[in-house]
Amino acid sequence: MNNESVDIELKNVSVKIRKKTILEDINFYAHRGEILAIIGGSGAGKTTCLRVLTAQIKPTQGEVYLAGYNVAEEKEKLKEILGYVPQLEEVSAYPEFSALKNAYYFGKMYNLPDDVIRERATRVLKILGFETEEMMEKKFGELSGGEKKRVSICIGLINNPKILLLDEPTTGLDAHLRIEVLNYLRNLNRRLGITICIVSHDLETAEYCDRIVILDRGRVVVFGKPREFLKELPNDGTGVRVKFRYLTPEGRRKIEKIKSVKFVLPVGRNTLKIFPRDGGYRLGKLVEELYALGLEPLELTEVDANFSDYFRLVYQGAFGRIRDIFDIDFE
Amino acid sequence: MMVRALSSLRKIATPLVGSIRRIGALVRKELELLIKDRVALLVIFLLPLIITGAMGMAQYRVTTLDDYYKVAVINQDTTTINGTSLSNALINEMYFHANECIIIPMQSYDVALYLLWQREISAIVVIPFGFTSQLAASGSGLVPAYINMTLDGSDVEGQGKVISGITNAIAQLKMDYNYTRNEIIPETQAIWPSNAEGITDISITVPLILPMLLIGAALVLTSQCVVGDVPLRRMLLTPAGKSEALIAKTISYLLVAMIQIMIVLAVLILGYQFQPVGSLFNFFIVLLLTSFFGIGLGIFISVVSTSRLQANQYFIFAYLILIVILLAVPVKAIQRLDPLQLAREAISGITARGLPIVDISTQCLYLLGYTGFFLGLAFVVFFFKKGLV
Chain A
1 MNNESVDIEL
11 KNVSVKIRKK
21 TILEDINFYA
31 HRGEILAIIG
41 GSGAGKTTCL
51 RVLTAQIKPT
61 QGEVYLAGYN
71 VAEEKEKLKE
81 ILGYVPQLEE
91 VSAYPEFSAL
101 KNAYYFGKMY
111 NLPDDVIRER
121 ATRVLKILGF
131 ETEEMMEKKF
141 GELSGGEKKR
151 VSICIGLINN
161 PKILLLDEPT
171 TGLDAHLRIE
181 VLNYLRNLNR
191 RLGITICIVS
201 HDLETAEYCD
211 RIVILDRGRV
221 VVFGKPREFL
231 KELPNDGTGV
241 RVKFRYLTPE
251 GRRKIEKIKS
261 VKFVLPVGRN
271 TLKIFPRDGG
281 YRLGKLVEEL
291 YALGLEPLEL
301 TEVDANFSDY
311 FRLVYQGAFG
321 RIRDIFDIDF
331 E
Chain B
332 MMVRALSSLR
342 KIATPLVGSI
352 RRIGALVRKE
362 LELLIKDRVA
372 LLVIFLLPLI
382 ITGAMGMAQY
392 RVTTLDDYYK
402 VAVINQDTTT
412 INGTSLSNAL
422 INEMYFHANE
432 CIIIPMQSYD
442 VALYLLWQRE
452 ISAIVVIPFG
462 FTSQLAASGS
472 GLVPAYINMT
482 LDGSDVEGQG
492 KVISGITNAI
502 AQLKMDYNYT
512 RNEIIPETQA
522 IWPSNAEGIT
532 DISITVPLIL
542 PMLLIGAALV
552 LTSQCVVGDV
562 PLRRMLLTPA
572 GKSEALIAKT
582 ISYLLVAMIQ
592 IMIVLAVLIL
602 GYQFQPVGSL
612 FNFFIVLLLT
622 SFFGIGLGIF
632 ISVVSTSRLQ
642 ANQYFIFAYL
652 ILIVILLAVP
662 VKAIQRLDPL
672 QLAREAISGI
682 TARGLPIVDI
692 STQCLYLLGY
702 TGFFLGLAFV
712 VFFFKKGLV
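Taken in order, these protein sequences are the chains called A and B. With the first letter of the first sequence counted as 1, position 327 gets the number 327 in the working numbering; the numbers rise by one all the way through. With the first letter of the second sequence counted as 1, position 141 gets the number 472 in the working numbering; the numbers rise by one all the way through.
Since the hints were made in silico from the structure, they are not lab data. Ideal Cβ positions, reconstructed from N, Cα and C, are used throughout, including at glycine. Don't take each hint at face value.
Stated by the list, open to error - For each label pair, taking beta carbons as the anchor points, the in silico distance ranges come out as:
hint, chain 1, residue 1, chain 2, residue 2, range
1, A, N70, B, S574, 23 to 31 Å
2, B, I578, A, T60, 45 to 53 Å
3, A, K16, B, V587, 42 to 50 Å
4, B, L372, A, Q61, 40 to 48 Å
5, A, R253, B, D368, 36 to 44 Å
6, A, H31, B, G718, 42 to 50 Å
7, B, T637, A, A72, 25 to 33 Å
8, A, A72, B, S610, 55 to 63 Å
9, A, G33, B, I366, 50 to 58 Å
10, B, K367, A, H31, 27 to 35 Å
11, A, E131, B, V348, 38 to 46 Å
12, A, E142, B, T637, 23 to 31 Å
13, A, G33, B, L372, 20 to 28 Å
Unchecked claim - Pairs of lysine to aspartate or glutamate residues, derived as DMTMM-like cross-links and limited to a Cα-Cα distance of at most 25 Å, are as follows:
hint, chain 1, residue 1, chain 2, residue 2
14, A, K139, A, E180
15, B, K573, A, E142
16, B, K573, A, E80
17, B, K573, A, E74
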């Protein structure tokens, strides 16, 4: 057993497949009850990381601990301590069966008694927003994308695992459903105290996590707590979202040159997020300076930076490839 | 006027040309997809080769001992004419002119009948006492000479071959001894099925159609059972093992097959008054073994296929091969290894002859062997198949 309060831990993990290094000296961890996101673009090493965590691949070097168990040595334990939620809808559950029936059959694979399965499934489904019995009895194939994802999460939790592992839980969902699913996960995490590990390419996921790991080309480029990262920004990440009637590149450059302005992020065709320098932030003064430059703001809103903003601001310079990695439309 | 006509013609032609171009591109795409699909290539090229090859093989027919029909001949005639026994002469003609028949002289009709029941021989020919004298006299308008032929009623093909061979020998005898105006009448009776009306259609079609129906139905049900069961991949991340999943599938489909067989039996017995000569339980067991073979093959197909479409293609391919071997391959030795033929023989053994299960154990063991082979292979392939994560 490893450190008891740490539920997920990768120590100096490297994976080489046919002489090609897929993961190189990976180190990260998550404490019990935390939500950890492993984020990365295509080819970053997310899938390999997932396979290492589920003991499908043995690392060439390093050790992996889940709930204190060494994954390589106690592979069979994984089925007890780990709940898995796949990315694809068709793999998740039987479309002909209801949420409860699916939970029943998956629960039976763990030899759980009928009443325990029903009680557990009903409890989790209620937390996940399935308020009525009727919804729980609806066929999986007839549910919406978001509902299907939630049923899939319920199935992943049917054996009461210590860690829930989700593969791209927001992929293929509309923006509002992505937020809905992530909120439900947060809720589950709080109510059940379960450790959650999300593997995703979506930076938005970071907002809902206690800890994040960002992978690029098989290496960890960021590891830590998103809230602490945001504190590194001037004014603790507080900025102004300004909408203009018309904004030229020249206008944007003028704004960047304003003394009290630290960063400028475009968030739409005629909209900018402006982050003033520490201590130099006064909304009235900023408006005056904009008017002085001949730029007439249509709308001004005070906003907090999110993790995507942070990532763009801080790492755009240090890691020039960020645009390629995350497919973010900066303009 | 001319310009206007050209303009309207162009208006019609432009979308038409566009449509033709799109169809052309779609055809190219389809062909390219087909070329990249190995299973489709197998169906396109190998299947016609096998079918036409099998049909063509008839002219280069390979005759093995299995292709000959054994005929027991019992000579009860002791009469002669001018010191010559025409019954012996007929037997000699049979040796040389009864094509595709092996003539086996025997003494006891009972022993011959037992051998016929056991399928060791295909027919019994009895040359009765007085054959020579009657044949010699029949030219003058007296009673013609007779021979008695007892045929296996469950073997339609064998009946034809034996009658043709014996008729040929009779014709040769009449020519050789200048008895062309004299009559030899082969009196035939087909036994098994031994009901009063003789051979009924259903007693012939049951052993022929039932194996095709049961194996086909089992293949339809099982050939997608693993590849189509997508959430099973997730279920295998639980403590459920791959072998457990395959065993469960086999048991489930065996139960389904039992219900299917009971429905078939109910229709046959209640609807058509079909009564097997042998035990109904043995009949059920043989049908279950037949279905079990289909299940084994189907599960194997389902495990090796990477998509539902591919499973369908494999299913059609495998089923056609079984039918082609049964109906078109002219080599009996190969035909007899076909599960459809094995099932057919086992079923007719019980329904038409009332053979006990011991006497059809070879066919049953072969069927079980094939099933075990395909299921074993399915387990091995499934074991090495990549999991979900």
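A quick look at each hint next to the structure:
1. A:N70 to B:S574: 23 to 31 Å: Once the Cβ atoms are compared, 27 Å apart, the range 23 to 31 Å for S574 of chain B and N70 of chain A holds.
2. B:I578 to A:T60: 45 to 53 Å: 36 Å, violated
3. A:K16 to B:V587: 42 to 50 Å: Since the Cβ atoms of K16 of chain A and V587 of chain B sit about 48 Å apart, the hinted range of 42 to 50 Å holds.
4. B:L372 to A:Q61: 40 to 48 Å: 44 Å Cβ-Cβ, so the 40 to 48 Å window holds.
5. A:R253 to B:D368: 36 to 44 Å: 56 Å, violated
6. A:H31 to B:G718: 42 to 50 Å: This hint is violated: roughly 29 Å between Cβ atoms.
7. B:T637 to A:A72: 25 to 33 Å: 30 Å, holds
8. A:A72 to B:S610: 55 to 63 Å: 58 Å, holds
9. A:G33 to B:I366: 50 to 58 Å: 55 Å, holds
10. B:K367 to A:H31: 27 to 35 Å: 49 Å, violated
11. A:E131 to B:V348: 38 to 46 Å: 58 Å, violated
12. A:E142 to B:T637: 23 to 31 Å: 28 Å, holds
13. A:G33 to B:L372: 20 to 28 Å: 55 Å Cβ-Cβ, so the 20 to 28 Å window is violated.
14. A:K139 to A:E180: Given that 25 Å is the threshold and the Cα spacing comes to 21 Å, the pair holds.
15. B:K573 to A:E142: Status violated; Cα separation ~29 Å.
16. B:K573 to A:E80: 17 Å, holds
17. B:K573 to A:E74: Between K573 of chain B and E74 of chain A the Cα gap is close to 20 Å, so the pair holds against 25 Å.
In summary, the structure is inconsistent with hints 2, 5, 6, 10, 11, 13 and 15 from the numbered list given earlier, while agreeing with the others.
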